[in-house]
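Enquirer: Now for the letters of each chain:
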Amino acid sequence: MRYSAYSIFKQALSGNRLWQPAWREPQPKPHYDVIIVGGGGHGLSTAYYLAKEFGITNVAVLEKGYIGSGNVGRNTTIIRSNYLLEGNNPFYEFSLKLWEGLESDFNYNAMVSQRGMLNLFHSDGQRDEYARKGNGMRMHGVDSELLDREQVRKLAPYLNFDHARFPIMGALHQKRAGTVRHDAVAWGYARGADQRGVDIIQHCEVTGIRRENGVVVGVETTKGFIGCNKLALAAAGNTTTVGRMADLELPIETHVLQAFVSEGLKPVVDHVITYGAGHFYISQSDKGGLVFGAEIDFYSSYAQRGNLQTVEHTMEEGVSLIPGLSRAKVLRSWGGVMDMSMDGSPIIDRTSIDNLYLNCGWCYGGFKATPASGFCFAHLIAKNETHHVSRFMRLDRFERGYTIDEAGRGPQPNLH
Amino acid sequence: MASLITCPHCGTRPKEEFSIRGAAGPERPSPTARDEDWHRYVYVRDNPKGRYQEHWHHVAGCRRWLVVDRDNLSHEVFGVTDAAEFERARVAK
Amino acid sequence: MTSFRLTAGGAVDRDHALNFTFDGKAYKGFAGDTLASALLANDQMLMARSFKYHRPRGVVTAGSAEPNALMTLGIGGRTEPNARATVTELYDGLTAKSQNRWPSLKHDFGAFNSALSPFLGAGFYYKTFMWPGLFWEKLYEPLIRRAAGLGKAVMQADPDRYEKSWAHCDLLVIGAGPTGLMAALAAGRAGARVILADEGFRFGGSLLSEGASIDGRPAAEFAASIVGELSALPNVTLMPRTTVFGWYDDMVFGAVERVQKHVAAPSPDLPMERMWRIIAKQAILATGAEERPLVFGGNDRPGVMTAGAVRTYLNRFGVAAGKRVAIFTNGGSGYRTAADLLAQGIEVAAIVDARAQSNDAAPQDVRVMRGGSVIATKGRLRIDGLIAERSGLDEVIACDALAMSGGWSPIVHLMCQRGAKPVWSEDKQAFMAPDVGGTFAAAGSAAGFDTISVCLRDGAAKARAALKALGRLVGPLDIPDVEGEYDPSFAPLWYVPGAKGKAFVDFQNDVHVGDLGLAQREGFRHIEHTKRYTTAGMATDQGKLGNVNTVGIVAGMRGVSPAEIGTTTFRPFYTPVSFGAMAGTARAEHAAPFRTSPLHGWARKNGAVFVESGLWHRSAWFPQEGEKTWRESVDREVLNVRANAGLCDVSTLGKIEVLGRGAAEFLDRIYSNGVLKLPVSRARYGLMLREDGIVFDDGTVSRLAENRYVITTTTGSASEVLSHMEFAAQTFWPELDVRCVSVTDQWAQMSLAGPKARIIMGRVVQDDISDTSFPFMSAKEVTLRGGLKGRLFRISFSGELAYELAVPAGYGEAVADAIMEAGREEGICAYGVEALNVLRIEKGHVTHSELEGRTTADDVGLGRMMAMQKPDFIGKRLSTRFGLTAADRLQLVGLKPIEADKEIKAGAHLLKDQAKPSLANDQGFVSSACFSPVLGHFIALALLKSGRERYGEKIVVWDGLRGTEVAAEVCSAVFVDPENLKLHL
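Chains as they are written, first to last, in the numbering used here: chain A, 1 to 416; chain B, 417 to 509; chain C, 510 to 1494.
It is worth saying that the hints were derived from the structure and are not from the lab. Here the structure is a predicted model, which is why all the values come from computation and not from measurement. Cβ atoms here follow ideal geometry from the backbone N, Cα and C, with glycine treated the same way. Errors might be hidden in some of the hints.
Claimed, not checked - Which residues of chain B face chain A? A few of them, derived with a C-beta cut under 10 angstroms, are:
1. Ser435
2. Ile436
3. Arg437
4. Pro464
5. Arg480
6. Leu489
Make the full structure from the sequences, and use the hints.
Expert: This is the structure:
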């Protein structure tokens, strides 16, 4: 069923009783060309692009819970391509371009909202870093501008300009950055993939990876053995657990990042704002909630919940940056479990096993990457060759000394 | 665990007195070890779900590095030892 | 305006009237009222509009789960949006405004959405607004955003203070109803340290609202007597107005105390709110149970509220919900409500009981319609009647309020915040608290709603069990007799079939049964999908009122037990918490501590302009009279240092003493260059790598004695370097005898640089500092004239003859003054970090602009610092990886503009001459740049692909961001004194 204003009108006339399921609930077939482990944003977008761009439709997405139950359903919804390094910048720009055409592509309104992002800076050194980044972006044709304090004040007059411990000097502005309704991304990709023949199988946990003669032949699941020609892992947060089934050694530590939403408020924060003197960032959803977060909890955790100290610290930074928040109220906090990689950048690559493909290590930046990650992963799986924008995201880059260390913090995952 | 840590030198102290480095499992190889071992030490992590040994630093206390033996799913703490003790015990094994 | 206030009864003080306004209109209430009870007393049933359809709404509860009666309180910086009127304690002068309506609460244009509701079902927005492409962001989304949200944040600074505290106890009791009071009493009498916290402003919970008598006294009086005893116990801390919002690891609870939210004129000496971290050995959840609304057509009409709320307004606040109240129930609560209303002379229109049979006895003369149901309500801004149905026959019953009771749900939120899921009980038809181990137990109604007497007993018993777990044996407590209590049991009724009009499950978000059905039809069948698709449970009450009904209804649609559907995830916060309370004192200028150097006073009196550098305030430059721009000052300072001398505060550099017999060996492994053979009284430049072979930090190492070193770090990395060294000492080489101690704060350190430095320093120290006895890279203890001991280092960042003198911090300012005095004739000046930066760029010295976490020693021209012959040092092994030694890596070079008047800025990128800007053509970037007053033009340090092979090449410095392109020549990074002649003067 195609969605449109007309379909809404027509369905309303029949009491909204004839809407069809957005996706089927199929039983697994004995064998697929490709099995994707993980029905999150990346797994679903991989399935969608496999079917749509590469004509591979005999595909199953296996999800141990419900689709979108991982970080695509638990993030701060920001999209952007303001990256410094050559290993990242073209990839995230490719992703942003896909976001820009996404709704018409998959006929689902994921509310891509290019509200613009302000990365505030508070010192000369930080300005120079942002200038370096902004120039790098421009070299790749990505929009960026360097704003001074007064220009920032015009866009976001509610920021703390007068009594700040770390005065705002200016900002790097990417106008095309913004937010997306996160759940809808999973649902839109799922529906689009399903319509093209992909089987989305929920509540089907992979418990083992079966190999014969050194190649993967299928997976053991809670719904029995399912065979495949190619197996693709997209289980961020649980990458190690799944990877261990195929004896993969991975540069990943699992950490928890908290995020927060306030009560619904009339629009006050137009942009996505990041605080340069801390880790705080904030935007406001279309529903009115202020969506914000800051740093990770720093310890390894698989629990989807966080520490009170981090909560307090986040909100201290929030009030320091936006004094007017003081009497607004936070409604809910949650924790997302992430693959923190050893250089802060992801991996989209083959593995030492020929037909086993790996997509992981997204740290806390995976949401914005969803379209490009799926596209590039699908490209890799379908053609067995790397898409050029993800060519640096190799698994062997650590051994070879080609890390993509955007933060420059070295091999300590909780610092990225 | 993660709210209060019982430092073997200072007693039970709040999390904000500590900084956290990461897995205590990887052991720094000898200078003459193979490249592979060095790569593994610096970059590869077991990252188990469950029992986990992690380096914490009591920065706002005794400034000793500690090994916190904990469960990273339930956040239960099983014990905290001084990191030097932990290393000596590892060498002794 | 009719008064709904009873002439007597309730816990309000009729002698103490309070004035307040709602939407500009003046009202009166009494001390002890909530905003909601005072509005109801004044016949103001209409209090809000719903989120999506802008339907008129009244209060539905009398507590913290209220989804409807949200208002904006206060004015100016004290404006608080989305305050729940049901828990807002009334005070004199309170101003409240309704929200999400235009132009007024009575006449709201947004209500037009209601007419469009067939088109605005769950998730409608995902299916439309996609065409034409541009219209979403330009037209539809702005409209949606404007319509969305509830209250308005004024975005003004908050005039009030906030603070944080810690508390420790043996037993934390959360909730001060019958269960909590008895638990606190049992533990308190036994001498345990008890904290009793309750979100309300009066302890007693349901005892304040129920007509029962305890120990022969009214329940509220009984509650007051217990509170009296508790407050006299020194080991018991009572915390009213305190919401425990979160349960975290290790029995750490987060709570927020509303210290002055109820005060007409807040004291500036007290915080508005105080956040508590409560660390409890044991805790009891005594939060009671929430009454479920019934889901029937028109169940959101103003005047429809839970039966318990009707009793609370009646018995606690002396306010009748209506003059003629109808009751729709599936259990004892409805009957109890009828009895209480009649006792106060309020007419009861009828009891509609969904059950065909029950043991509940109706009060005399009240009509009971057993096996009936309410299928619709009538009225516009307030209910004026309902349509009841029984055996296929409809009947209109007039009423001006409707009390509904759909049964009870234990309030288990806090116990489920750490991952445990509540457990469905077929017996109780409710989700029960999970077993979370031996330190946190649910009691009373939170453990399964029950009668008051059971709650009293359970509270005491659970307290005894908690103390027993702590090794304290406590005798049993006498449990008072309760008379006139009622049995709250009920038969499940999730949804009333045959509803006319929408039957809501989530009032605030306007989610009705039809939406839940649509979600199921469209495949959003997992309860999390149902929630996210319909937004049921995502409003400010987080589903406290509606979630269990949602689960029950979805279970019914699917033909399974609610156990199979399960609940969505409970997460902090139990109720919303202000940013202010969570931020405490860390705001505005106090967001982080200031660090000032021991020479701060010296700098200030020399007229310094200070600059932020991490937490430090460092002296940036020292303007003199007549200097209009910072550049004029900096240029003068630089030229003066190169020609005469200058004094600069370098106290902020990290200083670490390294001691022990293993110190030499240790440092040799920490630094990439050799330091093992560094003689006593000598200093050396040192480079530290991370284990991945990338440069970590640089500084100097000085050997003060055989087993005593002092090293310096960069200002920004001081604490990280110390941690790194401690980590290496304790975990890599615990066998080495070595200790590392930060002495950054103990020493004031100043750099005296310039050709006249020796003359000046010679006037300050007694020791012989001639070039022969104290050559370049000397380091030793010296005695100042006057006898003070200090440490003198002949090291230079500026490239000039220079000394760094360290003296105990308290003497810093006096010594700096003395040096300035001693150098007056030589033309000494104070110089700041800006001049220092120019001096180091001229000399080609790197800082964190170059050592930015991705560069190797070789990249920045320090390849000679890699002592690969050493058996081991941190970073050695991985530094040789292919990618770190590749020929096309970026290397440090200097840049000179070809046209001398052109400016080069840091952050610009580099292109080959004539090349178009693209990533493929990117040759590197400018890391540092400045105007060199010595050379008379801008100079820059840059990291350039294979840079050292490209001296003399013409290159384009591309700064598209700031719209400039400058042609420059690649050169050596050392612009001044490449032979280092000046160092050895």
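Enquirer: Next step is simple, just say for each hint if it's right about the structure.
Expert: Quick rundown of the hints versus the structure:
1. A least Cβ separation of about 7 angstroms between serine 435(B) and chain A falls short of the 10 angstroms threshold, and the interface hint therefore holds.
2. For the restraint placing isoleucine 436(B) at the interface with chain A, the shortest Cβ-Cβ distance is roughly 4 angstroms, inside the 10 angstroms limit, so the hint holds.
3. A distance limit of 10 angstroms between C-beta atoms decides the matter here; for arginine 437(B) the minimum to chain A is near 7 angstroms, and the interface restraint holds.
4. The closest approach between the C-beta of proline 464(B) and any C-beta of chain A is roughly 8 angstroms, which is under the 10 angstroms cut-off, so the hint is satisfied.
5. Annotation: interface hint on arginine 480(B) violated; nearest CB of chain A at approximately 18 angstroms, more than 10 angstroms.
6. The criterion of a C-beta within 10 angstroms of any C-beta in chain A is met by leucine 489(B), whose closest approach is roughly 5 angstroms, and the hint holds.
Checked against the numbered hints listed earlier, the structure breaks hint 5 alone; every other hint is satisfied.
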